[in-house]
Amino acid sequence: MLPWLLRRVAAGIAIVFAVVTLTFAAVHLAPGAPFLPPEGRPVNPAATERLRRAFGLDRPLPEQYVRYLAALAHGELGESFSRRRPVAAMIGQALPNTVLLAGAALLIDFALGIAIGVFQAAHVRGRSDVALTNLTLFFYSLPTFWLGLVLLLVFGQWLHWFPVGGITDPVLHDALPLGGRILDRLRHLALPALTLGLVAAGGTARFQRAALLDALGQDYVRTARAKGLPERAVLVRHALRDALLPVISLLGLALPFLLTGAVLVETVFAWPGLGKLAADAISARDYPVVLGTTLLVSAAVVVGSLVADLITAAADPRIRLSA
Amino acid sequence: MIPSSWLPRIPVVVALGILSAAACSRRGGCRGEYCGTLVIAGTSDVTTLLPPVSDAAIDRDVFDQIFLRLADLAPDGGTIGDSGFVPQLARSWEWTDPLTLVFHLDPRARWQDGPAVTAADVAFTFDAYTDTAIASGDRGALSHIASVTAPDSLTAVFRFRDRYPEMFFDAVFHMRILPAHLLANVPRGTWQTAEFGRAPVGDGPYRFVRWTPGQTLELAADSAFFLGRPHLRRVIWRFASDLNAAITQVVAGEADAIEVLITPPNIKRAQDAGHLTLYPYAGPTYSFLRFNLRANGDGSHPHPIFGDPDVRRALVLATDRARMLQSVFAGHAKIPPGPMTQQWQWLWVPELTVPPYDTAQAARLLAARGWRDTNGDGVRDRGGKKLSFHLLVPSTSAVRQQYATLLQEQLKAVGVEVLIDQMEPATQGERLHGGAFDAALESWNADPTPTSSVSGIWGRSGPSNFGHYANATFDRQIATAASAATPEAAKAAWIAAFGTLAQDAPGIMLFSVDNIAAVDSRVADVRIRPDSWWALLWTWRIPPDKLNERDRVGG
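Heads up: the protein sequence lines correspond to chains A and B, in order. If you count the first sequence from 1, position 122 lands on 122 in my numbering, and the numbers rise without skipping. If you count the second sequence from 1, position 462 lands on 462 in my numbering, and the numbers rise without skipping.
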């Protein structure tokens with residue numbers, strides 16, 4: 001297993017390096033330039049040039065790249081062009097918010113997706129199965145930002161059940177007792193997490209249904225039934241245990257989906273996470289922040305994929321991590 | 001050991017615990033005149049809170065609360081002479097000779113960390129704003145001032161290089177006085193990223209509390225503010241991703257104020273909300289279509305279409321601006337007869353008129369310049385080249401996208417093809433700066449005076465003259481306006497200059513929006529200054545009988 005692990009780690013580092021290199025090239029070659037004044041404000045060429053020099057943008061691109069890698073090797077992600085703060089501090093501030101959002105969405109995704117998939121498999125080809133198939137397909141097909149806007153409009157603006165944006169109430173939060181602060185945070189989390197979680201759950205449910213139906217056709221399930229076990233026990237203890245394995249591997253794939261989905265959802269709900277940070281940075285041509293967030297997300301996806309493989313291997317003794 | 005049968009109930013118990021704890025939330029105790037909390041919905045985050053290094057609108061809004069000027073514009077004040085200004089840090093001022101202006105500081109003024117505000121701070125501020133290492137955007141506006149000295153702690157002496165009508169405006173408007181004792185030792189080259197810009201100490205009505213990037217910025221009233229205690233106890237900016245999201249916060253009651261609504265649908269949303277009062281005020285922006293008079297991406301040659309003034313004039317005549325205005329703004333904007341914002345009300349005079357909508361005359365002009373539809377495809381051509389151009393439009397402006405579509409339709413009627421290129425502002429900005437465009441729809445925020453913005457955008461050597469418009473007569477006229485001795489003379493010179501500009505048609509002036517702010521109806525004494533929306537915030541108040549829980553909390 002160790003050689004496999006070392007190979008995967010080496011491959012992971014190579015992937016992250018390639019992503020950072022491609023992103024570095026892409027952001028510098030893309031149209032638009034940093035430090036231009038906001039639209040409709042006077043141009044100050046001296047200030048723009050001084051900022052370009054201060055942030056090293058007057059150097060040749062290969063030199064900038066080498067300098068960036070050298071700084072990266074020392075753990076430095078640079079200073080934000082637009083917010084004039086260390087990128088690491090900005091990411092440090094945004095990361096917990098994205099982890100919270102992605103974690104809650106993952107919970108909704110898998111809890112709801114697995115439950116629906118199991119229910120459908122247990123009632124296969126029944127009316128409820130057909131209805132849920134259509135419903136999950138509907139949610140799976142929805143663009144996350146559109147669903148987010150609809151939820152925001154209905155439950156935020158019309159019904160006032162949930163806040164329309166942000167992570168906490170800026171006026172009341174600090175004055176609330178612990179329970180109130182938790183509730184305040186949950187209220188703000190609800191809509192963005194549901195947006196991400198519902199779309200992802202649509203896919204997970206379809207996957208779980210197929211995996212469970214596959215398992216229900218296996219010989220060991222027929223044997224369990226022949227032994228006279230109740231159908232619930234057959235489904236939950238025998239078939240589902242087997243059918244969960246491919247869903248676990250889905251966990252690794254869910255991470256990139258959630259992180260990319262977070263870019264749009266965080267923007268819609270003004271959720272101050274990595275996605276919104278990256279989207280704002282792209283608009284402002286804030287190269288260090290774009291690179292920093294890309295680096296982190298690509299590393300997270302690589303690690304997530306590795307962890308999912310390890311969990312799958314731990315859960316399924318048939319899998320040997322030697323290839 | 002918890003029995004396994006209880007396990008499913010644990011989440012319910014936890015939820016009930018949270019709910020009951022939440023129900024025990026403290027009730028705020030602040031009562032009386034000084035308890036209000038105002039949440040402002042902002043459309044972008046702050047860059048830095050160190051005034052000389054930022055020109056962003058949101059940053060300037062916050063500067064207005066934290067830092068004072070020597071004197072400020074009165075709500076309806078003019079920029080010529082000093083009669084339109086009210087004291088701030090300076091209690092009084094006098095002209096000791098035509099080129100020397102002496103300010104006497106108010107001895108009650110204090111920095112929020114304790115020391116008195118002194119004339120040495122004023123001299124230090126001038127030195128910082130004019131330092132090339134900082135390259136402040138206001139440096140050019142201060143170039144008429146030769147020196148600022150501090151003969152004693154309460155006297156600041158400004159010496160000018162020459163005499164002109166807006167000397168006083170330049171002396172006070174561009175600089176927010178900075179604390180020398182906190183900034184003198186910060187290397188000027190590092191001011192862009194200085195810690196002070198993230199936690200400033202000022203002398204204004206509000207003190208900095210905290211800034212959570214991407215989320216909120218909070219200020220608290222300085223109860224010892226020497227010009228009078230601010231009534232609103234807390235002011236919080238809440239940053240949204242765009243104007244729609246910001247308006248949604250205000251409509252949903254999660255924010256109390258927004259400075260602009262812009263479009264009729266937004267205005268209707270605010271009106272329908274029921275809890276908001278709308279405050280119209282003269283807008284500081286104007287929008288126009290700019291022609292590039294040089295070839296797209298090649299500044300050494302004239303533009304094949306827009307290099308010809310008759311073609312530009314024809315396009316102006318072929319544009320039905322009144323219909324576009326009605327279609328997009330339903331009456332909430334005006335057509336400027338020149339490069340004018342509504343805050344320059346004194347320039348909206350009958351002598352300046354909008355050219356008529358006259359497609360017949362436009363067609364005649366185009367035909368006279370050789371542009372005819374020779375192949376019957378509906379687009380005029382000359383020498384095998386179609387009368388077709390690309391129009392840059394920022395993807396973030398729904399209003400200008402609507403205008404682009406309407407322009408496309410109207411110009412098609414006279415045989416001109418408009419190809420709309422929507423792009424994000426950063427890309428459009430780069431194309432404009434590089435001269436890589438045919439025409440663009442732009443919006444500009446202007447100062448309270450036309451002096452700086454008109455020359456910058458339309459003057460031959462203006463840094464924002466992206467279309468390369470050049471006319472020595474126009475330059476002379478705006479120079480005359482800037483140096484006119486009286487408001488009447490300045491007005492006459494501006495009218496002449498805008499007449500020249502209209503004749504040359506380097507662009508089509510499209511609209512100047514009636515700004516409308518929406519503020520929660522519990523807020524009283526709301527006054528909005530066109531050039532600086534929140535400058536008078538410290539005089540707003542929430543009457544004690546209208547305070548809600550959000551106003552009282554933490555008191």
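Keep in mind the hints are simulated off the structure, nothing from the lab. Here the structure is a predicted model, which is why all the values come from computation and not from measurement. Using N, Cα and C, we set each Cβ at its ideal position, and we do this for glycine too. Hints should not be assumed to be uniformly reliable.
Which stretches of chain A does chain B cover? Using the computed rule of at least three CB atoms under 8 Å from a CB of chain B, they are [to be verified]:
no.	segment
1	26–33
2	79–93
3	152–162
4	189–201
5	230–238
Problem - Numbered hints the structure breaks, given as an ascending list - result: Of the numbered hints, 4, 5 do not hold.
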